[in-house]
Structure formats: C-alpha cells, structure tokens
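Peer 1: What follows is the residue order along each chain.
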Amino acid sequence: MSAAQDPVAVPARRISVRPARGRFTTALKLLLTSPPTLFATLVVAGVVVLALFDELIAPTGYNEVDVQQRLLPPGQGHWFGTDDLGRDVLSRVVLGAAVSLQVGAVAVGFSLLVGVTAGLLAGYYGRWLDTVLMRLMDVLFAFPAILLAIAVIAILGPGTTNAMIAIGITYTPVFARVTRAAVLGVKESVFVRASRSVGVSDARMLLRHVLPNAAPPIIVQTSVSLAFAVLAEAALSFVGLGTQPPAPSWGRMLSEGRSYLEDAWWMAVFPGLAIVLLVLAFNLLGDGLRDVLDPQQRSALEAARAKPRRRRRAGVGA
Amino acid sequence: MTALALRRALQSVVVLLGVSVVVFALVHLVDGDPVRLALGTRFDQETYEALRERAGLDQPLVVQYLQWISSAVTGDLGVSFRSGEPVTALILERLPATLSLAGASILVALLIAVPLGTASALRPRSVVDAAGTVLSQIGISVPEFWMGIMLILLFAGTLGWFPAGGYVPLSEDPLQWARSLVLPAVTTGLVSGSVLTRFTRSSVLEALGAEHVRTARAKGLGARAVLNWHVLRNALLPLVTVTGVQLAYLLSGVVVVEIVFAWPGLGQLALQAVQARDYPVLQGAVLLFAFVFLLVNLVVDLLYSKLDPRISA
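Top to bottom, those sequences are chains B and D. Residue numbers 8 to 325, in the working numbering, belong to the letters of the first sequence in order. Residue numbers 56 to 368, in the working numbering, belong to the letters of the second sequence in order.
Extracted from the complex, chain D is given alone in its bound form (with noise of 0.2 Å):
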C-alpha cells in the first residue's frame, strides 16, 4: 500500500514537472516581447523594466524555468503583467466561488446519478431504464453553456426565480449565496450527472450479475438486504473514481460555463488572462489546475485501493 502511494506520486509528480516544462514552453513560444504585448497602450519604460526584471525575462530560458519553477515550489508564481498583483493571491482569490461551484455540481450530478442509474439497471428495459438512457445520452450531448443559457431564459427570464449570474459569496449572505449557485451548479450538474448515471447503471448491473449475488439470494435474502448490503456496496465503489475524475473536471474545467454566469472562478480568471496576454497568470492557473487535476486522481487511485483489497499491487 505505501509503495504503491509512493510510486504513484511520484509518478504525478514526473508528470507535473512535464507539465510545468510544457506551460512555460508554450508561453515562450511566443513571437515578440510578453511584457511589451501585455502592457499595449500603457507602455512606460519604467513599468517595462521593472516588470522584465521582475519576470526574470532578460535571464537565459533554462534559468528562467528554473526560477519559475523553484519559487513555484514554495507558492509564488509571479506578478501579473496587467495588475502587479502577486498570481497567488489573484489565483487564492478567485478559489471560493470555483470550490462552491464544483461542490455544488458533484452534489446535484450524485443527486441524479446515483437514484437513476441505480433503478435503471434494477429494471432493464421498463421505462425508467429507457428514458435514463436517453436522458444521459442527451445530457452529454448538450454544450454546457447552452444549458446554462437555456436555464437563465427560462429560469432567470421568464420565471424570475434566480438571478441570471454572479456570484455571492457564502461569508456575505448564505441565502444568495445559494441562489446564485442553482443555475450554474445544475448546468454542470446535469452534464456530470448524465455520465455518472450512465456509469452508476452498468455498474449496477454488473454487481447484480455477479456469484455472490446469485449465493445471497439463494439463501433467502431479501431483496432490499440483496440490493444494500451485496450489490450497491460493490457497485458504487467504481463510482468513486469515476466522481473524482468529474470532480477534477469540475475544478478546471467549467470556464464556459463560468463565463455564461458571470461566475468569478478560476476559468474565467485563466480565460481573462488569454484575452489580456497576462502570461504569470496564465502560466500559474494552469499549473494549479494540472496540479489539482493530478493530485484528485492521485487520490482518488489510492482511495480505491483502500476501498478494494482486490487492488493492491
């Protein structure tokens, strides 16, 4: 168990460092000079200096990486072309309205899936199996962000029950807070609900097919011990990984639907950064989010070999 934690981190941690060479090529791939591009129209060569010497442009690449990487270690990743404001600080800014949103849509997208899929496998074939599957094979289908401005036109438009976007915070008043998290917690529900659901039913189905199952029934079982004790037990168990990949997903990549409600995450902070050629911020949100990415995975495989003896290799 420890050496396969070991050997699994390190492993996300090769891959990190991959990722982090990979970001900052991509940024100095760049034709022409960053800090010029990004300052545009207020461009003073003091600012200009300051802001080379600071990103440690006039340095060598190699050396260059190595700053960056090195202090990204410890938690700095730089000033921000446009603000000269530390990324960190931009990035731990931006992290309560993200979280809420993807704790948010995990709970709607488990609230579905997992009541769903589970009667659509215990009644293959009825109705509820059938219009499951085309509710899910539908939900991945639909762009989020057009669910989002279906929700809004008609949530927000025509009924007025929410606010069409924005974002309060949870320290400022809960009840808003709440408000403005329905529509953009169940457009990326609904998406991540329908996979799950699609995931919850084969895994049922393959739980009750299995001999333990046959063994419990056959010794009078009944069939709510059958389906708790035996079947979703073993069932929702691949579920968990499956909900923290989508979980992952959630916590990086919902920038649509973040800029369909206004909503201040770290998407829409990655994507303002593309608009602005604001490089740190770019370079540090997709480190974060690679890193998180990474690390939810990570965990997510050692979870479920804790949760699964079989799994221990």
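If we strip away everything but chain B, and leave its shape as in the complex, we get (with noise of 0.2 Å):
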C-alpha cells in the first residue's frame, strides 16, 4: 500500500514522531525568554548549589548551641539573628535546604516511579488491568494528602526517611492518573499503530515510543509535585512528624519560631521565606514547562489564542 493511497499515512509522516533536538533546543529557549520561568530557574538552580555545598556556604554548623548569643536579632555576624539555643539562623536556613530537596526528590522520585509504571500499564493494556490499577489509586485519592501522610507516619513512625515515603505514598495517583491520560491518547496514535503492526515488542513499544510522548504532562506534574512535597514535608516537620531535631528543617523552624513570635520573629520568618521561595520556584517551573510542552494544557489566554492550530491537529488525529 503507497502512502498515498492511505489518507491516514500521509500525515503520520508529516508530523514528527519524537522530538527533534531542534525542538529541545527552541523549547529550552521559550524557557528561558519567559523572565518568571527564568526567575524560577535561577531560584531552583541557587537552592541546589546551596545544598550541594551547604556546609561551605553555611557561617556555622547546624547545631553550634551558644546561649549567650541567643534570640539576636539580625544583624552583623548573624544576618538572619539567632534561635533560642544562640545557633545562627542563616546557616540553619541554608542547612536546611538539602533536607527539603532531598526529601521533595527523593518522595517525586518514588511517586514518579511507581505512579507512572501504574499508569503506563493500565493507559496502555486497558481491561481488568486498568480497573485494577486506576481502582486502587482511587482509593488512594480519596484520602486528604496530608492526612494519609499523617496516617503512614503514624505506622512507620516519624522520621526524614519515614517522611519521604509518607508523601510519595501520597503523590502517587497523580503520576498514575496523569500518564494513563496522556498513554490513552498516544495509544491511539498513527504511529503506535504502525509499529504494532511491523511487531514491536510491547516492552520496546511501551519504552521507546510511547513513554517519550506521553512524557510531556508527567514532567510538568514532576515539578508542580516537587512544591507540593517541599510544603508537605513543612507541614510533617512542623508538627513533629517528619526531620526530627536537632537537623536543620524548615518545617521545624518553623514550629520552634512559633514559641518565640513576640521576642524573635526573624525564627519563624525567614525559614518561611526560604520554603516560599523553593515552592514558587517550582510552581512557576511547572507553568513554564506546561506552556512550552504540553500546549493543549496551557491557560485559556494562550489557548485561545492556539485555536485555529489546535483545530487543525484534532482533523489530523480524526
């Protein structure tokens, strides 16, 4: 059969499969023109340096006690003042960051990895399997995020590794609601059908072609998750169930600030101000990621604005 015979042939091949570098490179450019994206960048990528060399950048360790030094107010030799055990404030605030990446990482990578194998598999073999699956995340669904943090935490006890696999419990219907969406539109694609039909293997099919492009929505939801597991480990930490003391942890700062709010407001402000910052990062990420891929995603502004083009690609896909 010629392509040209087959109306559908002709623009499967039109439209490129799989990104193009070219694509990557004009997408990663889109970027970086929108200054919020960029702002958030920058931020993301200054929070990583701080945690990579914290203990360079940080004036002193996260546990040096010195009770006469106690509750200053920012100022010179303590630019954030100090706690009211006399430890710097800034260095705890800078110490701290590793743990909220950490943990933000560590709990997306765990939802990433188990929500988005649910999803691919139950998008991509349909039935009982989709049942199964999408039933049971679901269920997980149903519970208030934070409160099923909570509960796994009550189980498994407190702790920054407790913590982590708290949240990722909860973040995972998410991944897995997000690429079964996304897999049930590329299943259906011209060119999954193609390969199919030359054979492909369903674990090469599944990996090489349609992961990659049902990829877009998942990584948008990577970094709106990052926000929401940077402030749920805050919230764990500041009612005692996620870092424990004496390690530096926003979230704990926080609590502790909250003893000291009408002698020392700079303990509870500027570890605020720190998780502000990262979780706005990586919202404002997100929505710059969403724009520049994963189109159909975009505000209603933006959208309208696409429509004619959108209507086109929905003729090709009928």
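You may find that some hints are simply not true.
Unchecked claim - Under 8 Å between C-beta atoms, here's a sample of chain D residues computed to sit facing chain B:
#1 84
#2 115
#3 192
#4 197
#5 200
#6 201
#7 207
#8 208
#9 210
#10 337
#11 344
#12 362
I should point out that these hints are in silico values taken from the structure, not numbers from a laboratory. C-beta: ideal position from N, C-alpha, C; glycine also.
Join these two chains into a complex; the hints should help.
Peer 2: Written as structure tokens, this is what we have:
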C-alpha cells in the first residue's frame, strides 16, 4: 500500500513523531525567555547549589549552640539572627535546603516511578488491569493528602525517611492518572498502530514510543509535585512527624519559631520565606514547562490564541 | 440522570470500601500490641483485657475487619483507647469547629476569587491581571501554617485586633465566635482563594471567547448584560466543581492550620490520635474524612451535571 492511497499515512509521515533535537533547543529558549520561568530556574539552581555546598556556604554548623548569643535580632555577624539556643538562623536555613530538596526529590521520585508504571500499564493494556490499578489509585486519592501522609507516619514512625515514603505514597495516584490519560492519547496515534503492525514488542513499544510521547504532562506534574512535596515535608516537620531535631528543617524551625513569636520574629520569618521561595519556583517552573511542553493544557488565554492550530491538529488525529 | 447518579454513587461506595480496607490494614500493620502501646504507663491488666475485648483484637483479622466495618455503617466507630469514649462522640464534638472554619474559609476564598478572577480575565495583561496572577501564584506557594503564623504575628501580636487562637462555640457567644474565626478563616481562605482565582480567570477567559458571546455582542447587547447573562453564568458553572473540591479539602486537610490556631477541629483530633497511638480514633477520623471527600465529590459531580445540561451521559 502506497502512502498516497492511505489518507492516514500522509499526515503520519509529516508529523515528527519524536521530539527532534531542534524542538528541544526551541523549548529551552522559550523557557528562558519567559521572565517568571527564568526566575524559577535561577531559584531552583540556586537552592541546588546551596544544598550541594551547604557546609561551605553556611557560616556555622547546624547545631552550634551558644546560649549567650540566644535570640539575637538580625544584624552584624548573624544576618538572620539567632534562635533560642543561640544557633545562627541563616546557617540553619542554608543547611535546611538540602533536607527539603532531598525529601522532595526522593518522595517525588517514588511517586514518579510507581505512579508512571501504574499509569503506563493501565493505559496501555486497559481492561481488567486498568480497572484494578486505577481503582486502587482512586482509593489512595480519596484520602486527604496530608492526612494520608500522617497516617502512614503513624505506622512507620516519625523521621525524614518515613516522611519521604509517606509523601511519595500520597502523590502516587496523581502520576498514575496523568500518565494514563497521556498514554490513552498516544496509544491510538498512527505511529503506535504502525509500530504494532510491524511487530514491535510491548516492552519496546512502551519505553521507546509510548512513554516519550506521553512525557510532557508527566514532566509538568513532576515540577508541580516537587512544590507540593516541599510543602508537605514542611508541614509534617512542623507537627513533629518529619525531620527530627536537631537536624535543620524549615518546617521544624517554624514550629520552634512559633513559641518565640513575640520576642524573635526572625525565627519564624526566614525559614518560611525559604519555603515560599522554593515552592514558588517549582510552581512557576511547572507553569513554564506546561506552556512549552504541553500546549493543550495552557491557560485559556493562550489556548484561545492557539485555537486555529489546535483545530487543525484535531483534524489530523481524526 | 438517575442512572448516572446510581453509577457514581456505587463507584464511591466501592472506593470507600477500599479506603476502609487500607485504613484497617495500615493500623494492623503496626508492630506490637496497639492496646499496650496506647495504655503506656497507665497499664493495668483489667483495662487492658477490657479494651482488647472491646476492640475485638482476640479475633482473626478478617472477623475484626467485618465487625469494625459493619458497626461503622451503623455509626459505631468503636471506643478510644485513651479515654474510653465512643469515637463517634469524639468526632461529633469536634464537628462544629471544623464546619465553622471550612464554611468561613470557602466564603473568604470566593469573595477573593470571583471578583479578582473576573476582573483579571476582563482585562488580560492589565495591572489588575498582573497583580492577580502574582498574588495567586504566591498564594498557592505559601505554606498555610506559615501564613497563619504571620497573621498571628501581625494581627494578634502587633495590632492585637483578633485572638491568636482558640475557638469559641457559636452558641456561647456569636461575636467572639466570629472574632475567633477571622484569622484561621483568612489563612485557609487566602490559599484556597488563590487556587480559585486562577480557575475563575481561565474560566471567564474561555467563556469570553465563546461564539455565543460574540453573537450576543454582535446583536448589540450592552457589555454588562453580556457579562452577566452570557459570560458569568457559563464561567461560574465549572467553578462549582473546583469549589466543591476545595470544600472537601477544607473539611479534612487543614490539620496543620488547626494546630497553629489551637482550633479544636477534626484535624487536631486525628493528629492527637496519631501522637497518642489511639488507633480507633485515627481509623474513625480517616474513614470519615474519606467519606466526606467522596460524598462532596459525588454531590458536586451530580450538581454539575444538573446545572450543565450538556453533561448527562
């Protein structure tokens, strides 16, 4: 059968199936020309650098107690002031970055691995596997996020590692749903049908064809979930279920600062600002990535502008 | 419509059963004897035996689960390991505080979101839009408990306008009830409001671009009439769904804000149950949260299909 006789085959050849290298650089350029995204990228990069070199950057160790220097306001020597034990707040904020990032990365990595696998299998194989896996995810999804995390920690016991597991379990269903939806879209596309017809194995099909093409919404979700995970770690540590003292954790520092609100506002203000900045950066990065990678999910304004193009694309798929 | 309602209700029941199995399994995965752990230093053989028997811990797990779930259906969630009070009573006691906070927060959220979101959408890329976008972006990035602490610092500490925490029942003193409600409700309302603002903006924008709006304008309707009759009616419809989800979240997810404001709600009850290893209370609270969450979602779905005649399949 020649391409000309098969109306489906023509657009299939014209659409580039896998992102070409050119598209990647365009995406990167687009990302960096949007001021909020650039800001977000810089903040995330900055926090990563802080976390990597924290012991070089922080003026003091995380638990250098000096009771004579307790509750000093921000100023010379202690830019962010000192806490109730005379520890340098700036140092603890800097050293807390690694904890936040680590918990975020491990927890989201867990959700990503489990959720994407579940979503991939459910979406691709469908039928009973879909039903079983997705109902399971529905069950997890029915728990309010923070409460599920708290319940998991109630069982595992408090601590940083258990907080990672708890947060990871909590955000798994989102990844399963996002992946499944994307796979359903990709599964029926012409190139997948074509690959199947030439006998590509399931494993190869899933990893080489389906997953890369379903990736954009998953990447966006990863950034947004990192924001949630940082918030969740802070919340868990705040109520005493996450990172345990004396390790520096932004959430923990907030709960300590709460007891000294009237005497030492800086104890609660600076760790909070650090959380806001990192979470904001992940959220903005998610928005920026969505605009570039996943145009159909863009805000209505952009969608309205892109309408003619979208219609044409819908026509091709039909 | 009825078929849809039935099918959705059935789905929710199945999910809820799944939730109950997970909750039950979680609690019984714990190493050691939950009753002994809960009693701690207050251990005495008689109470221990009584509680074990009351909780049915001497039975096989499947029997225990079936007993628990069948009494849960009738509203009996067992007794607290700590206080010996029925779990249902403990939950009901906390309900007014949680409902007050959730209701007030949703009100604050909508009062922010609808005007700000609509104004942003009507003048995209204006100062209002930019401000709205920046504020809502920051709003969803701020940890609620930190926002609470900052509000306490400013309005309870420096200015002294509102109490820093605590709850006054409505029946006791309506004025103090309202005052005690302001700071926690603004805290959660600002965050929920940020989510809803973003949603309102994109929803109104989408409605503005619809063809019937162009037609309405073309036939010479005034801007206000177009906005009220053709834009907002359609745009605010999907807002019902998102507001419902926010409400479900507020009814169950504000554990940490309750801690900040010493608010005696359900979240605090659940957290205290975790800290005291009071598993019957934890089980009951989590099951109730999931139930509320599913129920609100179900109602919202059905309401939505009722409001929007296009969705009826």
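Peer 1: Quick check on residue 197 of chain D please, does its C-beta sit within 8 Å of some C-beta on chain B?
Peer 2: Since the shortest Cβ distance to chain B is 5 Å, the answer is holds.
Peer 1: May I ask you to test the interface hint for residue 208 of chain D with respect to chain B, counting a Cβ-Cβ separation under 8 Å as satisfied?
Peer 2: Constraint on residue 208 of chain D satisfied, holds at 5 Å.
Peer 1: Holds or violated: residue 115 of chain D as interface residue toward chain B, Cβ cutoff 8 Å?
Peer 2: Not OK, violated: residue 115 of chain D not within 8 Å of chain B, min 21 Å.
Peer 1: Restraint: residue 362 of chain D near chain B, CB-CB cut 8 Å. Satisfied or not?
Peer 2: With a closest approach of 20 Å, the residue 362 of chain D hint is violated.
Peer 1: Does the nearest C-beta of chain B fall within a distance shorter than 8 Å of the C-beta of residue 201 of chain D?
Peer 2: holds, 4 Å
Peer 1: Given residue 337 of chain D as an interface hint, is the shortest Cβ-Cβ distance to chain B below 8 Å?
Peer 2: holds, 6 Å
Peer 1: Does the CB of residue 200 of chain D sit less than 8 Å away from some CB of chain B?
Peer 2: holds, 6 Å
Peer 1: Any CB of chain B closer than 8 Å to the CB of residue 344 of chain D?
Peer 2: holds, 5 Å
Peer 1: Are residue 84 of chain D and chain B close enough, Cβ to Cβ, to be under 8 Å, as the hint says?
Peer 2: holds, 6 Å
Peer 1: Against chain B, run the beta carbon of residue 207 of chain D and see if the smallest gap drops under 8 Å.
Peer 2: holds, 7 Å
Peer 1: Does the CB of residue 192 of chain D sit less than 8 Å away from some CB of chain B?
Peer 2: holds, 7 Å
Peer 1: So, as I understand it, the hint says residue 210 of chain D touches chain B; can you test that by seeing if any CB pair is closer than 8 Å?
Peer 2: Violated, because the Cβ-Cβ distance from residue 210 of chain D to chain B comes to roughly 12 Å (cut-off 8 Å).
Checked against the numbered hints given earlier, the structure breaks hints 2, 9 and 12 and satisfies all the rest.
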